[in-house]
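There are 6 protein chains.
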Amino acid sequence: MVHITRRERFNAAHRLFRAEWNDEKNMQVFGKCSNPNWHGHNYELFVTVKGELNPETGFVINLKLLSEIIKEKVTSKLDHKNVNLEVEFMTGKLASSENLAVAIWNELEEDINKLGAKLYSVKLIETENNFVEYYGE
Amino acid sequence: MVHITRRERFNAAHRLFRAEWNDEKNMQVFGKCSNPNWHGHNYELFVTVKGELNPETGFVINLKLLSEIIKEKVTSKLDHKNVNLEVEFMTGKLASSENLAVAIWNELEEDINKLGAKLYSVKLIETENNFVEYYGE
Amino acid sequence: MVHITRRERFNAAHRLFRAEWNDEKNMQVFGKCSNPNWHGHNYELFVTVKGELNPETGFVINLKLLSEIIKEKVTSKLDHKNVNLEVEFMTGKLASSENLAVAIWNELEEDINKLGAKLYSVKLIETENNFVEYYGE
Amino acid sequence: MVHITRRERFNAAHRLFRAEWNDEKNMQVFGKCSNPNWHGHNYELFVTVKGELNPETGFVINLKLLSEIIKEKVTSKLDHKNVNLEVEFMTGKLASSENLAVAIWNELEEDINKLGAKLYSVKLIETENNFVEYYGE
Amino acid sequence: MVHITRRERFNAAHRLFRAEWNDEKNMQVFGKCSNPNWHGHNYELFVTVKGELNPETGFVINLKLLSEIIKEKVTSKLDHKNVNLEVEFMTGKLASSENLAVAIWNELEEDINKLGAKLYSVKLIETENNFVEYYGE
Amino acid sequence: MVHITRRERFNAAHRLFRAEWNDEKNMQVFGKCSNPNWHGHNYELFVTVKGELNPETGFVINLKLLSEIIKEKVTSKLDHKNVNLEVEFMTGKLASSENLAVAIWNELEEDINKLGAKLYSVKLIETENNFVEYYGE
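Residue numbers (our numbering), protein chains in the order written: chain A, 1 to 137; chain B, 1 to 137; chain C, 1 to 137; chain D, 1 to 137; chain E, 1 to 137; chain F, 1 to 137.
Hint data in this document are derived by calculation from the structure and do not stem from the laboratory. Note that the coordinates shown come from a computational prediction; the quantities given were computed from them, not determined experimentally. Check the hints yourself; a few may be wrong.
Identical chains blur together in the list; that is why a pair holds if it fits in one copy or across any two.
25 Å max Cα-Cα, derived SDA-like pairs, lysine to any residue [as the list claims (entries may be wrong)]:
| hint | residue 1 | residue 2 |
| --- | --- | --- |
| 1 | Lys114 | Phe46 |
| 2 | Lys64 | Gly51 |
| 3 | Lys118 | Glu107 |
| 4 | Lys118 | Thr5 |
| 5 | Lys93 | Asn37 |
| 6 | Lys93 | Gly51 |
| 7 | Lys50 | Glu137 |
| 8 | Lys118 | Glu20 |
| 9 | Lys71 | Thr127 |
| 10 | Lys77 | Gly92 |
| 11 | Lys32 | Ser67 |
| 12 | Lys32 | Glu107 |
| 13 | Lys25 | Lys114 |
| 14 | Lys71 | Pro36 |
| 15 | Lys25 | Glu8 |
| 16 | Lys32 | Thr5 |
| 17 | Lys114 | Ala19 |
With the hints as constraints, model all of the structure from the sequences given.
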């Protein structure tokens with residue numbers, strides 16, 4: 001049983017706010033992250049998959065396939081996009097790193113399981129000082 | 001004569017586009033960087049100053065003062081902002097890294113010269129793969 | 001249940017030694033790390049907290065509060081200090097990274113629990129080649 | 001119980017291929033990684049050990065000893081070598097990162113246990129985008 | 001006049017040796033880098049271009065075009081290759097980082113000049129401890 | 001003419017202060033960096049040498065020799081030391097990064113010139129936010 005991790009990156013805009021709160025309340029809770037004119041990040045995404053080694057290939061999973069799944073299901077939908085306005089799988093959700101990591105997990109899980117491995121964790125780095133990890137539960 | 005460098009960071013949204021071009025033309029020239037809904041980056045800014053060593057302090061410049069100048073004149077105006085919409089010193093300019101580096105130089109030069117040193121370069125990292133440097137000419 | 005991590009940094013001096021051992025014995029066990037004139041490091045501290053997502057904010061914990069707790073309880077007491085001589089919560093303890101990580105955990109646990117989350121791990125990087133992690137047990 | 005990690009590095013050549021497959025089949029499964037003329041990497045190896053703190057030293061394990069074990073048993077055999085042709089403990093195995101991590105675990109486990117600690121994980125970074133971890137089971 | 005830099009990466013095998021020297025002499029001069037079974041690196045390549053800003057685009061050069069030139073002329077020929085055996089522009093040259101940087105400059109200069117900018121430097125990182133830079137003279 | 005750079009590292013304690021000033025004045029000028037109980041850093045040192053390529057070896061300079069010179073003349077005297085108290089070549093000088101970079105240049109220049117190359121720059125990184133460079137004049 002080995003864990004293997006693929007890093008992919010995307011650059012996106014977002015803001016933290018609740019539509020039912022006024023600007024003052026949003027600013028109080030979310031601070032400068034609620035700027036109505038948006039801000040953005042260079043996100044780094046680490047997807048970790050766990051599985052037995054295939055004796056023929058010495059692989060848990062073909063990393064090229066893993067990379068393609070992450071690009072198709074996740075980073076192509078996020079890169080150079082606005083997380084709040086343009087990302088279908090984030091519709092109706094606060095664009096926090098926590099919610100984004102959980103949503104990315106849900107986008108990836110099924111396709112990765114089809115490859116015969118198990119999604120183990122999604123790690124999303126927002127800045128060099130802040131990151132989140134989700135383990136599916 | 002020693003060069004000393006201070007790094008500061010800011011997270012901002014931007015897009016590349018010319019108002020007089022339609023979306024198709026903007027997309028053709030700027031690609032996904034012209035997305036009308038914005039995207040963003042974790043920018044890293046390296047400001048390098050050059051000068052003689054002060055024999056009393058062993059300093060080219062007091063780095064605390066340099067950091068305060070950069071924050072007051074540059075990063076406080078850019079952090080968690082939209083470069084196109086909210087940054088006075090970028091008004092009317094394309095929000096490219098090149099233009100941003102030149103504008104940051106212009107914001108900093110006078111205040112740094114007052115400290116008795118000379119601004120040597122502004123380096124602006126947009127992503128781990130792309131950065132620009134401006135030397136004032 | 002999401003894990004969220006905040007990085008903070010501090011620069012400190014320390015030495016490894018036991019007062020009841022002579023210099024020769026200390027040098028034999030701790031090598032150059034027992035230099036009586038001290039040496040120092042740029043420490044990086046990663047504090048990981050685990051919790052349910054608050055449905056109103058999309059947060060495990062407000063990272064601004066977490067950062068303030070870490071600064072108040074830990075890094076303000078360590079930054080530009082001598083770990084052996086000036087850090088109350090290390091009094092009477094060997095200034096190893098292991099002991100420091102455990103002591104940092106003890107400083108942080110109560111205040112983080114009051115925020116409704118659970119301290120998950122403390123990771124302390126001493127050099128690019130050496131780091132320790134403590135999970136509270 | 002604290003986890004402590006030591007990083008060591010090695011630069012090596014390798015290729016992915018099965019001798020019983022022809023070049024076409026190898027290329028189809030392993031892509032450019034099966035180039036018969038080899039390619040190579042700057043590998044980073046993180047060895048994590050877990051144990052109680054020794055009350056006399058404040059250590060889980062003497063990192064100098066851990067570093068020496070890793071060098072003797074692993075990196076001296078891999079650095080500036082060809083993983084497929086010159087590394088005895090990889091004989092007969094596909095030179096994937098997954099197999100390499102498992103083989104490194106097997107090289108290290110006994111010697112580390114003799115020091116009174118427990119090998120916890122082997123993390124092997126092949127590129128900035130790809131790494132594997134093995135926890136011994 | 002702004003400098004802009006694009007990073008590209010490639011993983012390759014190489015060895016340092018002179019065919020007219022015997023193994024002993026090669027080992028004496030080049031050490032373990034002359035291992036006849038090869039070793040390899042994750043090379044990082046930074047290509048810096050200098051030019052006036054295009055007032056229409058705010059660009060020195062279109063980074064997408066620069067990246068394509070680097071891939072076509074350089075990294076596609078080096079990635080997952082053996083520098084000594086498979087890289088036409090290195091034929092008959094010692095596969096040192098110095099020679100590689102100069103050869104990369106020669107591959108790139110003409111195509112970059114055609115874009116109306118000037119190649120300023122080629123920086124080639126071989127390991128985290130060693131890198132070379134070439135400025136064209 | 002190629003530039004080649006070797007990185008070496010050292011961990012040291014220091015403080016910024018002038019003996020003829022009282023603690024209050026030192027604190028006012030140098031801030032927490034003047035703490036009488038010391039603090040410390042993981043310093044990174046980049047030594048850049050410039051020269052013609054040796055046609056026999058493809059080298060500007062043998063990096064193994066360069067590394068040995070840096071260790072003998074510089075890092076062995078600084079690593080796990082107190083810059084103010086134990087480093088002969090810093091005696092009587094303020095232990096600022098600027099002074100340290102100049103002093104390191106002076107330690108290295110003669111030995112590097114003997115190898116037939118020219119010392120080009122000394123870059124000293126004190127923290128991820130602060131570094132200095134000295135070019136010998």
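Legend entry - Alpha-carbon proximity between lysine 25 and glutamate 8, which holds within one copy, between copies, both or neither at 25 Å: Neither. Shortest intra-copy (35 Å) and inter-copy (28 Å) distances fail the 25 Å Cα cut-off.
Inset, instruction - Tell me, please, which holds for lysine 77 and glycine 92 at an alpha-carbon limit of 25 Å: within, between, both or neither? - result: Within one copy, since 16 Å is at most 25 Å while 30 Å is not.
Legend entry - Intra- versus inter-subunit Cα pairing at 25 Å for lysine 25 with lysine 114: For lysine 25 and lysine 114, the Cα distance is within 25 Å only across copies (23 Å; inside one copy 44 Å).
Legend entry - 25 Å Cα threshold - placement of glycine 51 relative to lysine 64: Within one copy only: 16 Å inside, 33 Å across.
Legend entry - Up to 25 Å CA-CA - glutamate 107 versus lysine 118, copy category: within (14 Å within a copy, 27 Å between copies)
Legend entry - Within, between, both or neither, where lysine 93 and glycine 51 count as close if Cα-Cα is 25 Å or less: For lysine 93 and glycine 51, only the inter-copy Cα distance (18 Å) is at most 25 Å; the intra-copy one is 31 Å.
Legend entry - 25 Å Cα threshold - placement of glutamate 137 relative to lysine 50: both (16 Å within a copy, 12 Å between copies)
Legend entry - Within, between, both or neither, where lysine 114 and alanine 19 count as close if Cα-Cα is 25 Å or less: Intra 38 Å, inter 28 Å, cutoff 25 Å: neither.
Inset, instruction - Pop the pair lysine 32 and threonine 5 into one bin, within, between, both or neither, using alpha-carbon distances up to 25 Å. - result: between (33 Å within a copy, 20 Å between copies)
Legend entry - Status of proline 36 relative to lysine 71 across identical chains (alpha carbons, at most 25 Å): Classified as between: cross-chain Cα gap 22 Å, same-chain 29 Å, threshold 25 Å.
Legend entry - Alpha-carbon proximity between lysine 71 and threonine 127, which holds within one copy, between copies, both or neither at 25 Å: Answer is both: 21 Å inside a copy and 18 Å across each meet the 25 Å cutoff.
Legend entry - Identical-chain pair category, lysine 32 with serine 67, by Cα at 25 Å: Between copies only: 15 Å across chains, 34 Å inside a chain, cut-off 25 Å.
Hints 8, 15 and 17 from the list above are not met by this structure, while the remaining hints are.
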